[in-house]
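K.L.:
Residues per chain are reported as follows:
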Amino acid sequence: MRFLTLRVPKAWVTPLGVTGTVIAAIWIFVAFTAPLYLPYDPLAQDLPRLQEPGIDTLMGTDALGRDMFSRLLSGASVTIPLAMLLVAVSMLFGTVVGAIAGFFGKWFDEVLMRFTDLVMAFPTVILAMVIAASLGPSLWNAVIAAVVVSWPQYARMTRSLVLSLRTQNYVTAGRLLGFSPAKSLRVDIAPNIVGPILVLATLDIGTAILLLSGLSFLGLGAQPPTAEWGSMISAAMQNFDSWWIGVFPGLAILTVVMAFNFIGDSLRDIFDPTSALSRTEVNA
Amino acid sequence: MGETTPVARRYPARSPLAGYLLRRLGTSILLLFGVTIVTFALTNLVPGNPIAAALGEGAASNPATVAAYVEKYGLDQPLPVQYATYVGNLFQGDMGTSLHTRQPVTEDLLKAVPATVEVALGSIVVSLAVGVALGSIAAYRRGRISDQVVRVISLVGLSVPTFWMALTSFNLFFLQLGIAPGSGRLSPIYAPPPHVTGLYTVDTLLAGQWESFVDAMAHLMLPVFVLSLFTIGLLTRFVRTSVLEVLDADYVRAGRAKGLSGPRMLFGYVLRGASLPILTIVGLAFGALLSGTVLVEAVFAWPGLGTYAYESSTSLDLPGIMGVGLVVGVIYLVINFIVDMLYGVLDPRVRLG
Chain X
0 MRFLTLRVPK
10 AWVTPLGVTG
20 TVIAAIWIFV
30 AFTAPLYLPY
40 DPLAQDLPRL
50 QEPGIDTLMG
60 TDALGRDMFS
70 RLLSGASVTI
80 PLAMLLVAVS
90 MLFGTVVGAI
100 AGFFGKWFDE
110 VLMRFTDLVM
120 AFPTVILAMV
130 IAASLGPSLW
140 NAVIAAVVVS
150 WPQYARMTRS
160 LVLSLRTQNY
170 VTAGRLLGFS
180 PAKSLRVDIA
190 PNIVGPILVL
200 ATLDIGTAIL
210 LLSGLSFLGL
220 GAQPPTAEWG
230 SMISAAMQNF
240 DSWWIGVFPG
250 LAILTVVMAF
260 NFIGDSLRDI
270 FDPTSALSRT
280 EVNA
Chain C
0 MGETTPVARR
10 YPARSPLAGY
20 LLRRLGTSIL
30 LLFGVTIVTF
40 ALTNLVPGNP
50 IAAALGEGAA
60 SNPATVAAYV
70 EKYGLDQPLP
80 VQYATYVGNL
90 FQGDMGTSLH
100 TRQPVTEDLL
110 KAVPATVEVA
120 LGSIVVSLAV
130 GVALGSIAAY
140 RRGRISDQVV
150 RVISLVGLSV
160 PTFWMALTSF
170 NLFFLQLGIA
180 PGSGRLSPIY
190 APPPHVTGLY
200 TVDTLLAGQW
210 ESFVDAMAHL
220 MLPVFVLSLF
230 TIGLLTRFVR
240 TSVLEVLDAD
250 YVRAGRAKGL
260 SGPRMLFGYV
270 LRGASLPILT
280 IVGLAFGALL
290 SGTVLVEAVF
300 AWPGLGTYAY
310 ESSTSLDLPG
320 IMGVGLVVGV
330 IYLVINFIVD
340 MLYGVLDPRV
350 RLG
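Quick mapping for you: the protein sequence lines, in order, are chains X and C.
For the first sequence, numbering that gives the first Met the number 0 assigns the number 0 to the initial residue and increments by one for each residue that follows.
For the second sequence, numbering that gives the first Met the number 0 assigns the number 0 to the initial residue and increments by one for each residue that follows.
It is worth saying that the hints were derived from the structure and are not from the lab.
A few of these clues could be false.
A short list of chain X residues far from chain C (calculated; beta carbon distances all over 12 Å) [stated by the list, open to error]:
no., residue
1, 47
2, 54
3, 68
4, 95
Reference listing, derived: stretches of chain C covered by chain X, where coverage requires no fewer than 3 residues with Cβ under 8 Å from a Cβ of chain X [unchecked claim]:
no., region
5, 147-160
6, 316-323
Virtual Cβ for every residue (Gly too), placed ideally from N, Cα, C.
Just need the whole structure built from these sequences, with the hints factored in.
P.N.:
This is the structure in structure tokens:
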């Protein structure tokens with residue numbers, strides 16, 4: 000089979016990278032297939048309230064008599080695709096802005112980079128909170144707020160990569176051959192910046208999930224009765240004695256975010272050899 | 000950011016350090032105005048009715064109140080004039096009236112800031128101590144099992160949802176096990192110490208109230224622990240990289256060749272060399288901490304900016320939320336300015352830039 004002969008970079012096959020990939024793959028699978036095998040309707044309030052985890056309800060029920068296990072699985076299909084979407088949009092937007100700023104320089108650079116400075120002058124959750132609140136509380140507005148606070152890091156990184164590549168001989172050679180700026184960016188520069196940008200994006204999926212669930216915890220994201228992990232934890236603040244209401248959604252967030260951080264960290268070793276554990280000892 | 004700005008060229012400074020600090024100050028002031036533009040834009044250009052959002056639905060149905068509000072903030076004026084009025088009001092300490100406390104936002108925030116500063120300072124101290132220790136261990140034992148363990152610890156720290164950790168640890172250590180003290184900054188049996196700094200741990204000491212001091216410290220522990228998890232992860236990763244770089248440097252090998260080892264080597268040579276990059280990340284860590292307080296304080300009923308932000312968010316109190324955004328933005332700017340200043344003071348090379 001062609002698929003099996005695909006060459007996997009050796010540095011990728013670390014315990015960390017493999018663990019992360021397996022956990023993330025399971026969660027992504029759940030996110031896209033959960034509706035097919037939910038034991039109960041995640042919104043139906045027809046079970047006994049605040050039931051402890053047991054045979055019938057694996058993770059118990061919440062204060063409104065909804066099955067926690069079904070809500071947890073259905074939470075995956077709310078949060079994970081949205082987080083991936085928002086990272087993709089931030090990445091696209093940020094990369095384009097950074098590439099323009101780095102490649103054309105001059106006032107493009109000044110204007111665009113001062114704009115990123117402005118966004119980065121706020122701690123991320125604070126700015127996202129302020130934006131989400133002024134747009135009005137809804138899951139989509141939380142996603143928009145998260146995009147607004149996430150794109151500048153891609154712009155910064157792309158800009159510095161493009162700046163260092165722009166003066167390379169092979170890029171100049173391309174320009175002398177008559178490549179337009181767009182073609183030069185696409186043919187000579189883009190292939191060399193895709194790696195680091197993808198590493199950042201993978202690490203960012205974890206951050207995006209934390210941000211989205213955090214906004215929902217504040218009541219600025221998903222609205223009831225949507226099964227979303229952050230708002231499920233928020234509901235647990237009213238029911239401290241029923242530990243299962245808060246514990247399971249938190250573990251869900253923790254494992255997903257951890258999986259993406261494991262993957263991102265292993266990827267970073269591949270693209271940035273100086274941070275690798277197996278770094279060759281220059282002075283040994 | 001490092002390039003010479005025209006401002007600095009027109010006014011040549013006496014010393015390169017002063018020039019550097021002036022440039023940094025200029026950038027910070029520009030960003031400060033930027034921050035007010037962001038909050039102004041969000042308050043006034045939001046979809047829907049900004050007047051209703053600022054006054055609450057009840058007050059907005061009274062034409063006289065609305066007219067007074069329009070008059071006060073110049074809402075019938077063009078946008079630049081409105082912005083000038085907005086900044087003018089800010090300079091007079093007017094950030095509007097909170098919808099959920101019915102108090103001026105400025106007053107609310109002034110009461111909340113010391114509580115947040117106390118918990119943030121505690122967290123930065125803890126994270127620095129633990130982060131530097133773990134990061135140094137990982138760098139010294141690069142590639143060994145302890146390095147791997149530290150790596151996993153720091154990645155887990157970066158992955159924990161802080162609001163969940165707050166909730167779970169509060170439930171476990173206070174409600175179930177009864178080890179930790181309850182919510183708030185002091186147990187109800189103690190009166191708050193006389194106000195000097197606003198930091199209870201300092202004020203109780205100044206007033207010589209030992210029992211209150213111990214109680215205040217005990218109340219600080221859980222919030223500080225929860226908030227530190229993320230920043231410990233952040234600092235550990237960064238310290239490891241910085242220390243690794245320094246370990247390869249010539250002067251460290253020279254120190255080794257002289258026969259130095261142990262703490263003398265670690266503190267005098269390695270960490271001293273790595274201190275500048277670590278300082279940079281401390282500024283970032285503060286941003287993470289300020290973000291964290293918003294999600295953590297409410298759980299512990301810690302009466303700081305975070306609880307205020309939580310209550311404003313859940314009750315959709317726009318003036319309150321904007322006030323928090325503005326104040327936290329300014330605090331973050333000031334901290335980054337201080338970090339930049341320390342950087343210039345500590346590293347002679349920066350002054351040439």
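K.L.:
Hints first: check each against the structure and report whether it holds.
P.N.:
To see whether the hints hold, each was checked on the structure:
1. 47: holds, 22 Å
2. 54: Holds, since 25 Å exceeds 12 Å.
3. 68: Per Cβ check, residue 68 of chain X is outside 12 Å of chain C; nearest 18 Å; holds.
4. 95: holds, 22 Å
5. 147-160: With 9 residues closer than 8 Å to chain X, the region 147-160 of chain C meets the three-residue bar; holds.
6. 316-323: holds (count 4)
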